[in-house]
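Trainee: So you can see what is in the structure, the chains are spelled out below.
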Amino acid sequence: MTDKATKAAIHVHNLNYAYPDGTVALEQVSFEIQKGESIALVGPNGAGKSTLILHLNGILHSNKSRGAVKILGEPIDPKKVHKMPRKIGIVFQDPDDMLFMPLLFDDVAFGPINLGFAKTEVNRRVKESLERVGLAGYETRVSHHLSGGEKKRAAIATVLSMNPEIIAMDEPTANLDPKSRAELIEILKGLKNEGKTLIIITHDVNAIPELAERVIVLNKTVVADGTTREVFADTEMLLAAGLEVPTIMQFFEVLQAFGYPCDVLPLSLEDAVRNLTQTIENGSGHVHLHIHKHTHSEVNSSRNKHQHHR
Amino acid sequence: MTDKATKAAIHVHNLNYAYPDGTVALEQVSFEIQKGESIALVGPNGAGKSTLILHLNGILHSNKSRGAVKILGEPIDPKKVHKMPRKIGIVFQDPDDMLFMPLLFDDVAFGPINLGFAKTEVNRRVKESLERVGLAGYETRVSHHLSGGEKKRAAIATVLSMNPEIIAMDEPTANLDPKSRAELIEILKGLKNEGKTLIIITHDVNAIPELAERVIVLNKTVVADGTTREVFADTEMLLAAGLEVPTIMQFFEVLQAFGYPCDVLPLSLEDAVRNLTQTIENGSGHVHLHIHKHTHSEVNSSRNKHQHHR
Amino acid sequence: MVHISDGVLAEWLWGGGWAVTAIILAYALSKMKTEDVPRLSVITAAVFVSSLIHLSIGPTSVHFILNGFAGVMLGILAYPCIFVALVLQCFLFGHGGVTTIGINTVNMGVPALVAYLIFRAGTGLDIRPETKSVASLFGAIAGGVGVVLALLFLAVELITTGEEFIETTVLVMSTHVPIIAVEAIFTGVIVGFIATVEPELFGKK
Amino acid sequence: MISEIDRYASLSSPIHRWDPRFRLVSIFTLIFSVVLLYNLQLVIIGMIFAVILTCTSKIPFSFVLARMKLVFIFVIPFFIIIPFTIIGTGVEIASFSGITLSYRGIEYVLFAAMIVLKALTAVMLIFPMIGTSRMDITIKALEGLHLPNKLVQMFAFTYRYIFVLDDEFMRTDRALAARGFKKRGNMYTLTTVSKAIAMLFVKSYERADRVFYAMRSKGYTGTIATLHEFHARKQDWVNTAVVIGFALLLQVAATSDTFIATRGFI
Ligand SMILES: Nc1ncnc2c1ncn2[C@@H]1O[C@H](COP(=O)(O)OP(=O)(O)OP(=O)(O)O)[C@@H](O)[C@H]1O
Ligand SMILES: Nc1ncnc2c1ncn2[C@@H]1O[C@H](COP(=O)(O)OP(=O)(O)OP(=O)(O)O)[C@@H](O)[C@H]1O
Ligand SMILES: [Mg+2]
Ligand SMILES: [Mg+2]
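Chains A, B, C and D, in that order, give the protein sequences. For the first sequence, the positions run 1 to 310 when my numbering is used. For the second sequence, the positions run 1001 to 1310 when my numbering is used. For the third sequence, the positions run 2001 to 2205 when my numbering is used. For the fourth sequence, the positions run 3001 to 3266 when my numbering is used.
Worth flagging that the hints you see were computed from the coordinates, not collected in a lab. Using N, Cα and C, we set each Cβ at its ideal position, and we do this for glycine too. Please note that the accuracy of each hint is not assured.
What the hints assert, rightly or not - To give an idea of the chain A side of the interface with chain B (calculated C-beta under 8 Å), a few residues:
# : residue
1 : Gly46
2 : Ile113
3 : Leu115
4 : Leu243
5 : His288
6 : Asn304
7 : His308
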């Protein structure tokens, strides 16, 4: 037990993968994720993010990948993919791919049934998972007819019902309206607080600070790996990888140029409000913004360094 | 000519639509868009946004919709959908639906050929449109081998090649990485500056201020319609419609509570930088942020009013 | 495998196959509206893709044939779909033969039409979530009949070609017995599914 | 993954340069001619010509053989079964529980060989026929040959959407596996896979609607017009004359007494 507890949730070492048509998707990918961590996996379109998470339960594999991925200390056996859902659950990008049963109940029950649970346990899990994502009472709805946001949550429920230790999600907030997005972020935060290990692929940089304490930047290989703050501090690398810094962080850089005293830039809006309150409180209730002789050039260079224009 | 010039680009009056299965998608929708305007069409998942733009060239229609939509002053004749592309081009949400020909060239040439242009003109338009979206030289690529971001831009090129006066786009930035998103926004800005009338469906509230000067909020019917600033000022309505205010605007509301003098809240980051510079310059090089006795309650109420939590 | 390769059958058989196919195809195409083209193509692609799925049952591996299902969903328009699917299967994978495309289309397509008639007679095409079980039942019958008839056609053709094919015919028939059951169950499930989820699809012809 | 027949369409060879309309008609005729032969020697001559055509097209033989492997699986039972009989007479080789298996003789072996060779030749000829231009050009050539427009459009769209749906199904397949599903030979597997395919169909219908909408909004009126034009040159006629001439020659030879037909054994 103590032994297992010390093992990494996910251990990837020198993972390579090329699609059958020759497209190289992953090159020498290595990283380790500890239990209970929540990680954002970011990178440009075509960086291999989706390809990578399909390796985490052995759905994708190749000769070159043998032994390259260990989940909870054990190397993946591609012949035992069907045994993996207890350990790791994957939420695909397009919920339509995950909802293939006539009724939502069947979809959410599908995993537990495959894992061999008794009927009462299956029912319990379905009920609990649907409640978890705010879809209690939707059991007899036709999955296909749910709205975009509901489908997304339903897809998560189909994974929660298997109660895996690790959950990997491919762009969970894509195509959602702001309300559904906010609700989804709450669901993810809840999972994080429960101690699940989370890997979240996302293009939504403004959501990252709320969700993940660590960011892995992938662009065929791992280009950066560190705390959210560390990664967002490296603007040059981010720009090269087609990424961006959260809006609020960019704005506070500008504020600094106006003399706002701030060592650690806030990453999210909530962070910013806290930072502002504290800075002003520490400044005995006052803070001075002013234009000094470098202000304009500092503002310009700060703005320029974040620009993506061709 | 002068007569036509005074006519609205799009005129929708009391449009109703229910899908054959009985789902009511649109109810008494009315609005008018002038030539050269750029409009963001927002609303929660399932609000009927996609349904609405399919009415703008007569693809979707019903008995109840007869005469409800006028494009450039003329009512739509559902029998003449094929004549519409000169007037209005629609970019669908899923680029796979728009790229149905074997080669990218054929897809981009499809519209102009149908419109009856000569071969040299078709070639010229294809070349120009592909350049426009940064895909010059992609003519002989096979659509199903393009990346997500490339497909999205290709879909736009297939519409640009018809050179319509009005362009409607369904979530053009969804699923794009930040760099591609920034590039796409530049493309859209270019179209706007060229004087095209634009309707952009989006869930990406932070992109709206850059793209649109007017916002229409749809939730089966038109819930709000006004300048971007007006619409974003009505937080209550937005919250009820599952929407959100841009991050920067939310943050400046907090700044106000700390005594930042600002009548018009900035909507985008660039806006904010300008606002800050000017305010400080007007304040003779200084601005004071401080905690007054209402600061904390103002900050709290400002934060709360934007919260979506269930 | 219900496809016949080149060089097996007597030429009057595969020649006749082309003739029959040309006639039915011409008729079906005249019934087909241009706006049906995208839908029929996507369905054809779906039939094509699903027939690539193999299930291992005991020692043999079977794959879906789906001619009965195509008939149930498309009626007479199933014929051009099956034709297009067979041509592409032949050209993309080398399944079946080139000269036998005509007769292979007859073998799959005519049973598809019979399957449709059975399904229509049984359900009156009144498909709603409430009538799901009736639809399923007749879907299963139609699916089974689609394969049985296709096999029967094949057997008759092989045996009329020459006595030396009797053993081959017996072998082909016996390996296909599980497919009849699989196809019947499959068509039943899928028809029931569509009746629950999107019953109006049955009316789209 | 669906492999692509036109992977080597970008090579350059006399066959690649041949106008696809002429190429289709010529090689199609040749296939029919070979299949109509009932003499082993002539079939072998036909096969040699097919090999020459394939080599001329520069399509790697490994690629061709990989496809022909599949054909073998289909036709090899004939080769194994036809020479033996359990009903007719012949040299008895085995007898168990009342069933006697007999060997029919060398004629039957040759007959089976002829069938297998014809099938293989036909499939081999598919490569120079359509593997030498991109699939879309081939489909356009069908239009140039005045096939019904609706049919040509069906080929074009079906071909495009095979890849989209194959991708879609692959994703569903992965989603099944990711939730602990393993294909076995049982009823549960069958019904589950059936439901997954049913979903593929339902989604396909919706996609079809959207594609049609997209086409309509790009001015589609029922015919797909493309810019591609074919221009026949002298060389195209020469190639055609050679291949069709050879096909006819085979038929003429078949009527001569030198090549005796073996049309089965009744
Ligand atoms: N089935 C496939 N066959 C061949 N190449 C593929 C396949 N799937 C993906 N690729 C290619 O592999 C690379 C990595 O793709 P992947 O989907 O993992 O990227 P991603 O990081 O998830 O991108 P996105 O942000 O757009 O989802 C891309 O170049 C892509 O085109
Ligand atoms: N083909 C259809 N048949 C029946 N109902 C449909 C169909 N297409 C859409 N609907 C329903 O009509 C309503 C409006 O759908 P629409 O796609 O226009 O919403 P939307 O505003 O574009 O949403 P999203 O932001 O998720 O794209 C929804 O309730 C949807 O479920
Ligand atoms: Mg991805
Ligand atoms: Mg929509």
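Trainee: Next, verify each hint and record whether it holds.
Mentor: Hints, one by one, checked against the model:
1. Gly46: 4 Å, holds
2. Ile113: 29 Å, violated
3. Leu115: This interface hint is violated because 30 Å lies over the 8 Å limit.
4. Leu243: At about 5 Å, which falls below the 8 Å cut-off, the nearest Cβ of chain B leaves the hint on A/Leu243 intact, so it holds.
5. His288: 6 Å, holds
6. Asn304: 12 Å, violated
7. His308: Because about 4 Å separates A/His308 from the closest Cβ in chain B, which is inside the 8 Å limit, the hint holds.
The structure fails to meet hints 2, 3, 6 from the earlier list, while all remaining hints are met.
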